[in-house]
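Novice: We have chain X already, so just place chains Y, E and F on it with the hints.
Protein chains: 4
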Amino acid sequence: MNFCSDNVTGISLEILEALGIANQGVAMPYGDDELTQALTHKLQEIFAKDLTMFPVATGSAANALALAVMTPSYGAVYCHPLSHINLDECGAPELFTGGAKLVLVPGEQGKIDPDNLARMLESAGAGVVHHVQPAVLSLTQVTECGTVYQLAELQALTKIARQHNLLVHMDGARFANALVSLGCSPAAMTWQAGVDVLSLGATKNGAMAAEAVIFFRPELAKTFHFHRKRGGHLFSKMRFLSAQLVAYLDRSLWLRNAQHANQMAANLAQGLQNLPGVNLLFPVEANEIFVEFAPEILKALQDAGFKFYIFDGKSLVRLVTAFNTAPEDVEKFIKVAIASSAKLN
Amino acid sequence: MNFCSDNVTGISLEILEALGIANQGVAMPYGDDELTQALTHKLQEIFAKDLTMFPVATGSAANALALAVMTPSYGAVYCHPLSHINLDECGAPELFTGGAKLVLVPGEQGKIDPDNLARMLESAGAGVVHHVQPAVLSLTQVTECGTVYQLAELQALTKIARQHNLLVHMDGARFANALVSLGCSPAAMTWQAGVDVLSLGATKNGAMAAEAVIFFRPELAKTFHFHRKRGGHLFSKMRFLSAQLVAYLDRSLWLRNAQHANQMAANLAQGLQNLPGVNLLFPVEANEIFVEFAPEILKALQDAGFKFYIFDGKSLVRLVTAFNTAPEDVEKFIKVAIASSAKLN
Amino acid sequence: MNFCSDNVTGISLEILEALGIANQGVAMPYGDDELTQALTHKLQEIFAKDLTMFPVATGSAANALALAVMTPSYGAVYCHPLSHINLDECGAPELFTGGAKLVLVPGEQGKIDPDNLARMLESAGAGVVHHVQPAVLSLTQVTECGTVYQLAELQALTKIARQHNLLVHMDGARFANALVSLGCSPAAMTWQAGVDVLSLGATKNGAMAAEAVIFFRPELAKTFHFHRKRGGHLFSKMRFLSAQLVAYLDRSLWLRNAQHANQMAANLAQGLQNLPGVNLLFPVEANEIFVEFAPEILKALQDAGFKFYIFDGKSLVRLVTAFNTAPEDVEKFIKVAIASSAKLN
Amino acid sequence: MNFCSDNVTGISLEILEALGIANQGVAMPYGDDELTQALTHKLQEIFAKDLTMFPVATGSAANALALAVMTPSYGAVYCHPLSHINLDECGAPELFTGGAKLVLVPGEQGKIDPDNLARMLESAGAGVVHHVQPAVLSLTQVTECGTVYQLAELQALTKIARQHNLLVHMDGARFANALVSLGCSPAAMTWQAGVDVLSLGATKNGAMAAEAVIFFRPELAKTFHFHRKRGGHLFSKMRFLSAQLVAYLDRSLWLRNAQHANQMAANLAQGLQNLPGVNLLFPVEANEIFVEFAPEILKALQDAGFKFYIFDGKSLVRLVTAFNTAPEDVEKFIKVAIASSAKLN
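Chains X, Y, E and F, in that order, give the protein sequences.
Every position in the first sequence, counted from 1, becomes a number in this note's numbering once 95 is added.
Every position in the second sequence, counted from 1, becomes a number in this note's numbering once 95 is added.
Every position in the third sequence, counted from 1, becomes a number in this note's numbering once 95 is added.
Every position in the fourth sequence, counted from 1, becomes a number in this note's numbering once 95 is added.
Simulated from the structure, these hints should not be mistaken for laboratory data.
Note: identical chains are not told apart, hence a pair may lie in one copy or across any two.
Taking lysine-lysine pairs in the DSBU-like style, the calculated list, with each CA pair at most 30 angstroms apart, reads: (1) K394 - K427; (2) K137 - K402; (3) K317 - K254; (4) K254 - K409; (5) K394 - K430; (6) K137 - K317; (7) K430 - K402; (8) K427 - K402; (9) K427 - K438; (10) K427 - K409.
Just so you know, these numbers come straight off a predicted model, no measurement behind them.
Just chain X, same shape as in the assembly (with noise of 0.2 angstroms):
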């Protein structure tokens, strides 16, 4: 009955009882551990590609870490204006980069526009002093929108990032939903459609506390752990983060966690589309939506015990779903918004 996130949810069995397996002994700690290096070749045979990685606990320092090696700290961070790490990590992308600035490049439905970006990379003023150096193009898959990237509009950004020498980040917090959504393969939505880096996204979608770095040019990584150790996202006991990594891809539990939750959320559309009453603001590609709801529709909802943010405190509804979420609760959901659309004249 909870619609808020997809972090309210706890952890998927799976990765609950590899914590276990993982408590069996003693391993060196920082990464020195046997969980650790299985999740290094997992990472390299599912991407098809040889990879460097790195386990850290939130999204937030991902992304941050990663930029930290990407960009000097006279860089600009190309993002979109609604992307996670403009708006909701409260800085940290300054902190850990050193003061880079974020420029945002709008467009529509949470996805940068290509014209937007070449542009602006035009005018950046590459190489003259006053003006901080286009260093990075950070693309966020699934969008902020709960839309997902085509493969060609991917390619179609990166190519610009190219021709400007940025580098290509990838913030993957529902990097699962997103590749489910499209179908292809890991290696077609990352390194292959141009992306440099990726923050591997796993919490949302049913770990305990767990994101992996991955560096697709290994030559980048070189001194990612330093930032890592100095951010204090170095855990000595490494091999809790990477048995959740472990358990999250194997026997691609991952998609089929995605799965299931990109389905409620299909579902939840379908239910909803056509009523009276409700909006929906974009193509619900993944496990989010954006939904404006009549006053009398949002009450209804509410006093039926569904919760959900409302992003404006009044009529503009995000809900999430998730690896758990329950079919009945989905039904349930679509019927008390057509019952209460019904009522409206």
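Specialist: This is chains Y, E and F only, laid out in the frame that chain X set:
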């Protein structure tokens, strides 16, 4: 057989079970949950004080974030040369404080010498624009030499700090080990002794990854949550940090774990102390032993399968015991040492 | 013949002479000298206020250091997209504030639109840990479009700032030009209009390298001197900064210089305004003119030896006049423009 | 009569005149002017090296900006405990480097002891993630004790630095004083001795406010201009910094000034050295004298109108001579000291 560190161990079963129990149902994120509330009450009860607390996942995060709100960027943190914040955090305090300076105050056995502290503060140039401004005294309890400040020693140091308007931080990565060593109350070893902010460690003593930053003067904590978020250290599924800490404190688990670890170290020390070719460097007051071994003994121990860090690469060994150190391992260690010591002529 | 900027000019003779006079005898360093004291009194008199002030040498230093004490590292500075602190300081505000975020508030003619400001502040998430916290409104007077905020405009903006507990900074790199444009008192354009901290520029208006950071609420300035020193901006031979500023303010030199520069710009604007092939982009209210030229006119001006920046590399020109712009140069510029305009069909 | 510092003096007349001459005509800003170009050539000639240089206005700026490009934020700068960067810049190096750590290497007479340096670097933990990474050796020439490193001493230290892959910085706030003391070439005391980057001071030796950061390996300087701008240290009317430095170097003014200052210090030292109640603490090798005076002598000197800093507030005095110290003042100082010394029993 692994005495490298207390972080090579896993998780206390009580804490592991608590994660499973916490996994029931949904919980609002970022600390707005019942377990986090329970933890606050628990700590207030244990410390007999109206305190403010913030769970984080690593000791470096706890220390660096605590310091971030205790000193301005142009401030100075007085600490021991061997302190973790100086030697073992790759500059995390400098990052989170915006570049404050750690001023090193020497002293025997890992303890800051009060005369050195007083002398250095008197010539520090408080108020003079050319010099970083004295802001914080940071004490490590248990010290990095495995010794424990007596209450009178703590009081003497915090009194000097107070005379110079410094705030006092305690790095309590092994706080419980110190507590059972002194046999005093948590209050006596902290705020009653002049400590303003405590990094309360749990990871080394049976938690998976959990520490708490505790402010005994809540007014000092006002901006802490922004720094924690900005540092990437705000966990969305916070209940799993709080669950670890609640279980850690429940039914005196923390004290029982520390008691065991300390006893194992005491046993080790007693077994080794008078052996030829073995030289204990510091009083063994908690769960760490610093010892020089004759080369033959060192080799015999390694050949027997014991693991430990050799700090100088030659003879200087640190042995750390933990909540789950097997008494048999300690006995065997001593036996091997005795046997190889006996062969020395 | 050089209209590139007001910084291509040299030093007003009165100011150059003042350096020679200040060179008599010894003076205690770092501002503990008579000239710096005299400057404080002079500014207090001119601004009719018990203010605190700090000389520095560059405008970027003045702005960034002012902001360093006005916002926490997790704070947000609201400013115009075209503002110097955003576009032309290579991230200096980010460096000196420890990574605060510049939030861009659009508006016509280089001025922040009050409705935009109010709307953005209302949804900024004050108090919410995920978001940077609104801390400062920074206004640029003269704006980067060469326009001047009217007093009522300033008051409207600072009132909104005050309602949201923001401090107000004014980037007065061309403060004197604005002052003579409005014909008001320094007090009316600053603290009486709600400005807390002023970067008072002199370099662009006849000084060699001298600005003053002025705090109209001295309690805000308490830690400024540490930040200035730490930024490498505390001059040992401070008297030579203060000497420039005293001479600048003495016998209304600053106003006379600005009056001349503004007059030259007005003359230019009047001569150009109705010419075919010439398009003035903004009202000319101080000493800057933004103008689009037909290619033939642009070429004719360049061929005649005039120098200026072409912002888009094609047709968008900025002309800046200064305290020592020769009226003949202005007349000649207009003549060339008229002649080549006349040739357009 | 003022021996407080070489920064209580004014400007050499040659340098003051150069400002007037530089004030002729317009010049493009930010270093794109003839005087800055001339300065580069002058320095290349003087140092016999294809170097890159950047004028700034203060010594703290020169040092901190140099270090900003020499160390990563997780790096360590090895320097003497008494060094200006450690004691007298209020944390400027920490600000500009993003929080690098200054590691203090003790040694007699203000000089880093090579054995200490080697020992500390060997145990610094290069490559180990927990520790800040050795990055820079910073040497102060003239030292803060008024002594001068001999060329062989410099070479020995830079050799150790090189063996550990450190870059070498020289804080040459009193570079000319050291040069005339050693009687060697600028090349011999810098790049030929293993120095990579020099902060060349002029302010203390006759300039108004001018220093140059000199890179003897231009590839190290690639990003310096961004850091300088970002630090607010890029002067728009740069020609006036360059004019000072050109005049400073022209016709050996810098050497003549330093020669005079050193001679005055030598005279003082000779006059004081065998007096009862007077104790010279260090060899006097440049323009600074550190001396303990009996209370009666101290009082007599103060009564006679002499000004100087008393470092411990009691008896430990620093006397600094300058380019324009009057020989009569020195003679009088000695006379007063002799007279009051004679009265001691």
